[in-house]
Amino acid sequence: MNSAPDRAAVHLVDDEAAVRAALEFLFASHGLRVHSYASGGALLERLQQGPALVGCILLDVRMEPLSGLQVYDELVARGVRTPVIFLTGHGDIRMAVAALKKGAFDFVEKPFGDAALVERVRDALAFDAEQRIRRSDGDSRDARLAALTPREQDVMHRVAAGKLNKVIADEMSVSVRTVEVYRARVYAKLAVRSAAELATLLARAPHGNS
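Going letter by letter, the sequence shown gives residues 1 to 210 in my numbering.
Hint data in this document are derived by calculation from the structure and do not stem from the laboratory.
Keep in mind that this is a model prediction, so the values were computed, not measured.
A virtual CB, placed ideally from N, CA and C, is assigned to each residue, including glycine.
Careful: at least some of the hints might be erroneous.
[Claimed, not checked] Ranges of calculated distance between the beta carbons of each label pair, as one might list FRET restraints: (1) 93 with 52: 23 to 33 Å; (2) 46 with 89: 23 to 33 Å; (3) 97 with 64: 17 to 27 Å.
[Said to hold, decoys possible] Keeping only pairs whose Cα atoms sit at most 25 Å apart, straight-line, the calculated SDA-like set for lysine to any residue is: (4) 110 with 146; (5) 166 with 148; (6) 163 with 193; (7) 101 with 78.
Input sequences plus hints: build the corresponding full structure.
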């Protein structure tokens, strides 16, 4: 339970001690790390005091004084991207579906099977890891693009469009040799080896880095 904050864990939020104890044992028996919170307020306080939550959040719908849905709305308002799975009773399914429309990862209805719950939690952990890799790659890409000079950006877009060096030279009123130099700089700064790789990188950038 006292694991490093940057390692993936199940962040379990339930106001019933017996439920928390049972789920802690279940997840631990499957090799999953667990951080438990006795209320939604405790989870929100943790967010204020520590680094971002890595892993997934398992959130009971019916809690006091903050319901699971109220906690989820606050997580959304704070821009928390950690996937959330709701634990719901039969009467809570409509609320859980509404939460899914707001971006929640999934809900599991009580009484739930241990295997099914663990499987959904593992799916959420894998999803979180994948999203963090994508965001990290995106941050790295954006930083590399920002390092280009305006002239290099001009050449970059023309190269990505498949234009030959001679055509680019004519359009920019420079020598072919100058285009070659700029092209080499763009490839080096963006860590690509071809116009195709460059086009793929730009396609993944926000608005094509226009």
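Structure-based check of all given hints:
1. 93 with 52: 23 to 33 Å: 30 Å, holds
2. 46 with 89: 23 to 33 Å: For residue 46 and residue 89 the Cβ distance comes to about 25 Å; the hint holds.
3. 97 with 64: 17 to 27 Å: Holds, since residue 97 and residue 64 (Cβ atoms, about 23 Å apart) stay within the stated range.
4. 110 with 146: This hinted pair is violated, its Cα atoms lying about 49 Å apart.
5. 166 with 148: 21 Å, holds
6. 163 with 193: 16 Å, holds
7. 101 with 78: 17 Å, holds
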